[in-house]
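Visitor: If you want the building blocks of each chain, they are given just below.
Protein chains: 2
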Amino acid sequence: MEKALQGMKVLDLTRVLAGPYASMILGDLGAEIVKVETPFGGDDARGYGPFVNGESVYFINLNRNKKSLTLNLKTDEGKEIFLELVKDTDVVLENYRPGTMEKLGLGYETLKEINPSVIYAASSGFGHTGPFSNKAAYDLIVQGLGGIMSLTGFPNGSPTRVGASIGDITSGLFTVIGILAAVHRRNGSGKGQKVDVAMLDCQVAILENAIARYAVSGESPKPTGNRHPSITPFAVFKSSDEYIVVAAGNDHLWRKLCCILDREEWMEDPRFKTNADRTSHWDELKNLMGEILVEKTAEEWLQLFEKEGIPSSPINDVEKVVQHPQVLAREMIVHQEHPVAGRIMMPGIPIKLSQNPGSIDHPAPKLGEHNEVILERLGYSRSDIQVLKQKGIL
Amino acid sequence: MEKALQGMKVLDLTRVLAGPYASMILGDLGAEIVKVETPFGGDDARGYGPFVNGESVYFINLNRNKKSLTLNLKTDEGKEIFLELVKDTDVVLENYRPGTMEKLGLGYETLKEINPSVIYAASSGFGHTGPFSNKAAYDLIVQGLGGIMSLTGFPNGSPTRVGASIGDITSGLFTVIGILAAVHRRNGSGKGQKVDVAMLDCQVAILENAIARYAVSGESPKPTGNRHPSITPFAVFKSSDEYIVVAAGNDHLWRKLCCILDREEWMEDPRFKTNADRTSHWDELKNLMGEILVEKTAEEWLQLFEKEGIPSSPINDVEKVVQHPQVLAREMIVHQEHPVAGRIMMPGIPIKLSQNPGSIDHPAPKLGEHNEVILERLGYSRSDIQVLKQKGIL
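Keeping their order, the protein sequence lines are chains Z and X.
Residue 320 in the UniProt record's numbering sits at position 320 of the first sequence; the count goes up by one each step and never skips.
Residue 182 in the UniProt record's numbering sits at position 182 of the second sequence; the count goes up by one each step and never skips.
Treat the hints loosely; a few may be bogus.
Since copy identity is lost for identical chains, a pair holds within one copy or between any two.
What the hints assert, rightly or not - Simulated pairs of lysine to any residue, SDA-like, Cα-Cα distance not exceeding 25 Å:
1) K238 - F154
2) K391 - L73
3) K74 - C259
4) K87 - D44
5) K366 - E84
6) K74 - E295
7) K320 - P131
8) K67 - Y243
9) K307 - E295
10) K320 - V216
11) K103 - G218
12) K135 - F237
13) K9 - P357
14) K320 - S240
15) K222 - Y243
16) K9 - N287
17) K112 - I260
Keep in mind that the hints were calculated from the coordinates and are not lab data.
Predicted model, so just to flag it, every value in this text is computed and none were measured.
With the sequences and hints as input, model every part of the structure.
Guide: Here it is, written out as structure tokens:
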């Protein structure tokens, strides 16, 4: 079956996380991803742990379905080959620091002369405009600058990093949207364009409700720890063994909860009658509920809540996530055979398309694995390719 | 100037956050979003604070650029009007609990009979397949089930919620990608398809590096608090006034850092010589650096680090984010006039397109503001529309 983006060609210069995450999504959905890597070790992420049989599982996760071409873009012949490839690609994707491609003589202004319909997508820390444009950014830095760390964690505690590289990953997602929107536009106009996505901008874009709260109150929202900011009780509690989420989102569920906790008197308690009452007496309610919830195990409580239809859940660690029946039923944990590392567990594809579903067909490539395939398309012979290798161009 | 998705028509049945976030992005990029709301109060988010002059700023943020049509989908005439609209739309987007559209007689199987090229996108908590499919999910619940809470926060501390609704928002982003991929496919085939995106699946998809670590070690990764898991020093420190991030990502930067901290002897200290040494002696180094960093203000340290090119940053609260020069230069904070609420601050558009940029042209609609405009397209007269209103269908 054809995949949704089959036929789309992406020349992918990205390294590490934000860019490779974007090209992974495009590749999962069927685009051909030609990953252009330096002949001197390739993508830095090839050197990031954890390793199996010397292969980076970090890299294997992010680079499935891609082809690898080595190319020394600092040489004239390397640039020439790159420009040949640009002629016949839909998308060029890069996540260098702004200005790097121009220094190589391969900036968008140059590439669009060669291929006016090319979509040039740049994912960077601060974007291609503005006073911070030339600075390097890392996930921890944009999480700090962009506000999310000030909202994560507990009141009066230390600002807390989100436990996944959300700065890189959201930037990857917005970059994919920008590319697909530009490809859509091109169908009408025939013209390509530049897509400029900054990690910092994406952090601002995901704050949304915090900005609304600041705009109205004039005060920066504080971290709310483990609770819903305005629905009560909707929070994390400790049972006798594990933490659980309990979410009694309306008065009906609240009354059911009072029965399960054997505190029918709370229904008439003026501190807890409405959601507004419960929210303003949250500190008291938290302590009172905490004393009761600590008396049974997570499993026992979750069964009781489940029976009465009160939304609740365990807090899963990664081991429990990868074994969760819904996660497995949705094929969100897949295993792929890698020629060196063996069978590798990785996340599946969260975009489920009924007619042209994505798939994971090829393991992450060895460095330069597809040099021949790709250069032969351009008319290079096997012996030309040997010469290019010897010259350090491939 | 035409916007990238100009001409694309989206019939948007979504409420609250995940779905409206997706249609906001499509609308920012130029798609026409017809938000179909119940006549009885509309999108629940219209009732969510904070409020200005009685209008929800939460709703205003998420529903810019959209048109509002009220429609009672439980009536025959309401369904009939909806099906008329389906004939001439590119996308139907909904975030009901799975099965709801089928109960209304408006499931994908029905809609595709009427319009085989329609893209039907469903954003739900657990997805349209699997044993948990029919359950309700909330952001806090998928953050708990999906693993990210187990990775956020401090070792031996409580599992910590990400301070933005990342469960909803990432689901919105993947839904947009699914829609645009399906629209792309349709250009070739003429056929639409169903796009099924689950909040829980998206949580798994953004864990990536944690799954790799689990796959290799067999142990669930622990929360790492405020530090990079493998680069040292790359962490949050407290200065004499505010928290800051310091990121000396390689040996060269480490040596510069030693000089700034006036601890040249650390360069030769066997505990700190290489990144691996520093990582395995992190607890000691953290304390030693902490003692020095607390002696100057954040501003003083950041200037010293900036001068030597050591990546560093403050931890901004929302007030500082919305005033940050790079955020402003990138137009990531915009102000829009709302007819009732006045001038409202909101996040800008993080996808910067050079030729067909997105824009924020219209404030969030009043409930049913576009009833006439949309129904007149279908041939209804003003008096027909009055009758439909009186009958409670609009």
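Visitor: For K366 and E84, with the copy left unspecified, which applies at a CA distance of at most 25 Å: within, between, both, or neither?
Guide: Classified as within; 23 Å inside a copy, 53 Å across copies.
Visitor: Please sort K74 with C259 into within, between, both or neither, judging by C-alpha distance up to 25 Å.
Guide: neither (72 Å within a copy, 34 Å between copies)
Visitor: I want to check one pair: K222 and Y243. Are their C-alpha atoms no more than 25 Å apart within a copy, between two copies, both, or neither?
Guide: Both: 23 Å inside a copy, 15 Å across copies.
Visitor: Since the copies are identical, ignore which copy is meant and state whether K320 and P131 lie within 25 Å (CA to CA) inside a copy, between copies, both or neither.
Guide: between (45 Å within a copy, 16 Å between copies)
Visitor: Are the CA atoms of K135 and F237 at most 25 Å apart within a copy, between copies, both, or neither?
Guide: between (42 Å within a copy, 21 Å between copies)
Visitor: Within, between, both or neither: how does the pair K320, S240 come out at a Cα-Cα threshold of 25 Å?
Guide: within (19 Å within a copy, 41 Å between copies)
Visitor: Within a copy, between copies, both or neither: which one fits K87 and D44 at a CA-CA cutoff of 25 Å?
Guide: neither (27 Å within a copy, 50 Å between copies)
Visitor: With identical chains treated as interchangeable, where does the CA-CA distance between K320 and V216 reach 25 Å or less: within a copy, between copies, both, or neither?
Guide: Between copies only: 15 Å across chains, 40 Å inside a chain, cut-off 25 Å.
Visitor: Check K74 against E295 for me: Cα-Cα at most 25 Å, and say if that holds within a copy, between copies, both or neither.
Guide: neither (66 Å within a copy, 45 Å between copies)
Visitor: Between K9 and N287, at a C-alpha cutoff of 25 Å, which is it: within one copy, between copies, both, or neither?
Guide: neither (57 Å within a copy, 50 Å between copies)
Visitor: Which holds for K112 with I260 at a C-alpha limit of 25 Å: within a copy, between copies, both or neither?
Guide: The answer is neither: 66 Å in one copy and 45 Å across copies each exceed 25 Å.
Visitor: With identical chains, the pair K307 and E295 could be close in the same copy or across copies; at 25 Å between alpha carbons, which is it: within, between, both, or neither?
Guide: This pair counts as within: shortest intra-copy Cα distance 19 Å, inter-copy 56 Å.
In this structure, the earlier hints numbered 3, 4, 6, 8, 11, 16 and 17 are contradicted, and the remaining ones agree with it.
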